[in-house]
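Knowing the structure of chain A, use the given hints to seat chain B on it.
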Amino acid sequence: MSLLDDVSIVVTPNGYKAGELYAVVPVPTEGSELITDGNFPTPNANWTIQGGAATTWVINNNIATRTGSTNWGLYQNITRTVGSLYKITFNVLTYTSGNLQVRLGDGAANNVTNTGSKTLYLIWDGSTDKFAFEGSFIGSIENVSVKEYTSADMDVTRATAATRVDENGLVNYAEILGGEEVTCGDFSCAVPTDYWVVPDGNVTFSSGAIFDVDTKMYQNNIIVAGTVYKFTYEITENTGGMTFRFYNGASYNFVDDSVGVHTVYFTGAGTNHRFYLSTLSGTSLTLKSVSVKEVTRDNVPRIDYTGGGCPHILAEPQRTNEITYSEAISLSTGEVNSGTGSDNTATDNYGISPNGTQNATRLVASSATGAGEYSLRDFVLTTSAAESYTQSVYLKSNTGSNQKLSYYGKGTGTRGFITVTNEWQRFEITGASNTTNYFIYLGLRPEDGTDSSCDVLVYGLQLEQASYATSYIPTSGITVTRNQDIFTRDGIGSLINDSEGTLYFEGSALENGSSSNRFISLSDGTSDNLIYIRIDSTASRFRGFARGSSGSYTIITANGFPQTDNNKIALVWDATNFRIWINGSERATTTINDLPVGMNTLNLSDPTSSGNFFGKVKQLQVYTTALTDTQLAALTS
Amino acid sequence: MNIYKLQYTNKAEGDADLLAKGTYEIITEEGVTQDVYRNGTQAIVYLGKIVEVPATDTTPPIYYDGVFYDLMTTEEFDFGIHELFPVNCVHSFLGYEKNAEGTDVDPDELIIE
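Chains A and B supply the protein sequences, listed in that same order.
Take 5 as the starting number for the first sequence in this note's numbering and just add one per residue.
Take 367 as the starting number for the second sequence in this note's numbering and just add one per residue.
A couple of the hints might just be wrong.
[Stated by the list, open to error] Simulated restraints on C-beta separations:
{"#": "1", "chain 1": "B", "residue 1": "Tyr-429", "chain 2": "A", "residue 2": "Asn-426", "range": "26 to 34 Å"}
{"#": "2", "chain 1": "B", "residue 1": "Asp-444", "chain 2": "A", "residue 2": "Ala-49", "range": "42 to 50 Å"}
{"#": "3", "chain 1": "A", "residue 1": "Val-201", "chain 2": "B", "residue 2": "Asn-405", "range": "45 to 53 Å"}
[Unchecked claim] In silico DSSO-like pairs for lysine-lysine, Cα to Cα no more than 27 Å straight-line:
{"#": "4", "chain 1": "B", "residue 1": "Lys-415", "chain 2": "B", "residue 2": "Lys-387"}
{"#": "5", "chain 1": "A", "residue 1": "Lys-122", "chain 2": "A", "residue 2": "Lys-21"}
{"#": "6", "chain 1": "B", "residue 1": "Lys-377", "chain 2": "B", "residue 2": "Lys-464"}
{"#": "7", "chain 1": "A", "residue 1": "Lys-122", "chain 2": "A", "residue 2": "Lys-297"}
{"#": "8", "chain 1": "A", "residue 1": "Lys-414", "chain 2": "B", "residue 2": "Lys-377"}
{"#": "9", "chain 1": "B", "residue 1": "Lys-415", "chain 2": "A", "residue 2": "Lys-414"}
{"#": "10", "chain 1": "A", "residue 1": "Lys-572", "chain 2": "A", "residue 2": "Lys-622"}
{"#": "11", "chain 1": "B", "residue 1": "Lys-464", "chain 2": "A", "residue 2": "Lys-297"}
{"#": "12", "chain 1": "A", "residue 1": "Lys-134", "chain 2": "A", "residue 2": "Lys-151"}
[Unchecked claim] Just a sample of chain A residues kept apart from chain B, beta carbon distances all over 10 Å, derived:
{"#": "13", "residue": "Pro-30"}
{"#": "14", "residue": "Thr-373"}
{"#": "15", "residue": "Gly-420"}
{"#": "16", "residue": "Thr-580"}
{"#": "17", "residue": "Asn-587"}
Simulated from the structure, these hints should not be mistaken for laboratory data.
Nothing here was measured: the structure is a model prediction, and the numbers come from that model.
Using N, Cα and C, we set each Cβ at its ideal position, and we do this for glycine too.
Chain A extracted, bound-state conformation:
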């Protein structure tokens, strides 16, 4: 029998969209229709209008209309399962004012305040069996449907952008791109002016769009205010130093006018929906192609390929990059030299960086070789308290040969050298500030074994107030924060077996030991009923916890497994035993005190959303059976 016969949830680094990480198992399914007369036939026989015939809900001609502000509801009693998720769809035909509250039982309502087709997901809390429309809404609705929805896709919350290493080894933003907004963006269509409006006629089309001075062209119905776009363009010729700009719907923005491929992210504004391209001064500019696509970065889960091989789901804590210019190294660092002839120069935007564009800084230095002599770039952070800091930077040789450089900070131990190769490498150092500053030094210090001259590329300087480095946070002028990643999934009671089961995790934590415990949990959404893996605050320790009906915890402990290693951990429970398997063997077992009841939630945190797990997730699986020893050995080896 295959393990897959019993697995009910499998989450791997796979498909995703903004705010959601798709599970491989189960395939999302919808149950049968639970609403009768969702199309509001006349006469009404199945919808109950609170308050009777004199109320403000009127059902007529397949439409339910609410005309007054008296707070009465429209509802049906339907058959549901406690803790399960329900997909609710309907269309708001007209909207005048107020909140249309959509509610299952006595649970929290979702508010709708505009027209259009709506899809909501709600969990039944086990209270009244009503499905109801309530609130102060004035307007009309039609075509109501409620179906049980089975899926283990995890909700992802971060609310900021974030970077990752992609499958090509490039450091870039995790983002979702929409379809192409521009038509005839490569100008190869038969009649480009069918799509591009050229008001003054001073743009001609021949192997691209050729702009005269002080001219413009545009397309209609492109820009929507508040939407973020990725604008990519290629300039193949620029004569006379022509400047180039685009219009975001409300204002012009000057952008890179040099020959090459360029990318700009911008937020649409205004109300005319036009996307303009315009030139000023100079003589002539040839634009080979233009692309405008909607882009979403917030809450996009990160499938990360750091280290190569199979990817992992990256979950990181909130971090701030204290370096104000992480890429323009000449602006974020200063030159400090000692000894005759010691000198260095930083040239920004010189080479191709780990994100694939020309924004790496070139650092050329030479240093005198006596004791106490050096040529360095320094960054100094003013602090007011002693704290741990971790500095990181990407470096690559610009000569074709390995080079020995000095890279250190305050409180980072004995100085030495690092070897910079022809491949981009990220160098990470953790140290401590004093009560006034933390500094970073990069360059040459021959007394420590470095070369006496260097020519290297530098990218992505980062300083975090923490004991380990996280993914790159780009900055350009001020410090920037990336929020923490949170993964949750509730309403999956049908996929979890309280009486026996297996919770399996493969991955690693970002630090071995921590100031707090970190969890991967199954629960009923409270601490009363749970099964969880605790990545302990004590280094190299994993613990399993089980609890039922607010009874005493059953706890098992396994020591000797560095949490930053890739570990394969299974918690197994049944009516008698509670066991933990790690990396091919059973590591601890005990008699279970109480079986949990009503588990319906899977979190990368504890049941109450504290103790977030931060690390790399390769697999997350839930089984509805207590796997056998043979199965567990195969699974965790």
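The following block gives chain B in isolation, referenced to the frame of chain A:
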């Protein structure tokens, strides 16, 4: 999404006000204490002191009065005199414009790669 830029006399006052408003809670488990975001809080960033005049070789830095926080939340709060509306901020959230603050802020207006 809402981003608030806040100023307090000191960290104790700021932490207490943010705690009282329910933006986070303090949880202690088996002797381990941690701050956990609550009620729509996406991030609390303690900026500490902000330098008004940078240090030189001979003079220490001069700081603005008090300490500063950036709060990102889905909820709306009235922070009264503690809320600032700076025009040249020293901190932002990744993907949001430099001076984003107040209610319904949008992601970054312009990022050039």
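Q. Just checking, Thr-373(A) versus chain B, shortest CB gap more than 10 Å?
A. 26 Å, holds
- Message: Taking 42 to 50 Å as the stated bounds, is the beta-carbon spacing between Asp-444(B) and Ala-49(A) within them?
- Response: With a Cβ separation near 49 Å, Asp-444(B) and Ala-49(A) satisfy 42 to 50 Å, so the hint holds.
Check your understanding: Is the hinted pair Lys-572(A) and Lys-622(A) satisfied, with a Cα-Cα distance of at most 27 Å?
Key -> 9 Å, holds
**Q.** Hint consistency between Lys-377(B) and Lys-464(B) [alpha-carbon to alpha-carbon, up to 27 Å]
**A.** Holds, at roughly 24 Å.
(request) Beyond 10 Å from every chain B Cβ: check whether that's true for Asn-587(A). (result) Fine: 25 Å to the nearest Cβ keeps Asn-587(A) off the interface.
| field | Minimum Cβ distance from Pro-30(A) to chain B greater than 10 Å, as the annotation requires | value | Pro-30(A) clear of chain B: closest Cβ-Cβ about 30 Å, beyond 10 Å.
With respect to the beta-carbon atoms only, verify the hint that Val-201(A) and Asn-405(B) lie 45 to 53 Å apart.
-> Holds - the Cβ-Cβ distance for Val-201(A) and Asn-405(B), about 49 Å, lies within 45 to 53 Å.
Measure nothing beyond the straight line between the CA atoms of Lys-414(A) and Lys-377(B); if it is 27 Å or shorter, mark the hint as holding. Holds, because 25 Å separates the two Cα atoms, which is no more than 27 Å.
Does Lys-297(A) lie within 27 Å of Lys-122(A) when you go C-alpha to C-alpha?
-> 25 Å, holds
- prompt: If you draw a straight line from the CA of Lys-415(B) to the CA of Lys-387(B), is it 27 Å or shorter?
  reply: Holds, because 22 Å separates the two Cα atoms, which is no more than 27 Å.
ask   = Holds or violated: are the alpha carbons of Lys-464(B) and Lys-297(A) at most 27 Å from each other?
value = 23 Å, holds
CA of Lys-134(A) to CA of Lys-151(A), is that 27 Å or under?
-> Answer holds: Lys-134(A) to Lys-151(A) is near 14 Å, not above 27 Å.
Checked against the numbered hints given earlier, the structure breaks only hint 1 and satisfies all the rest.
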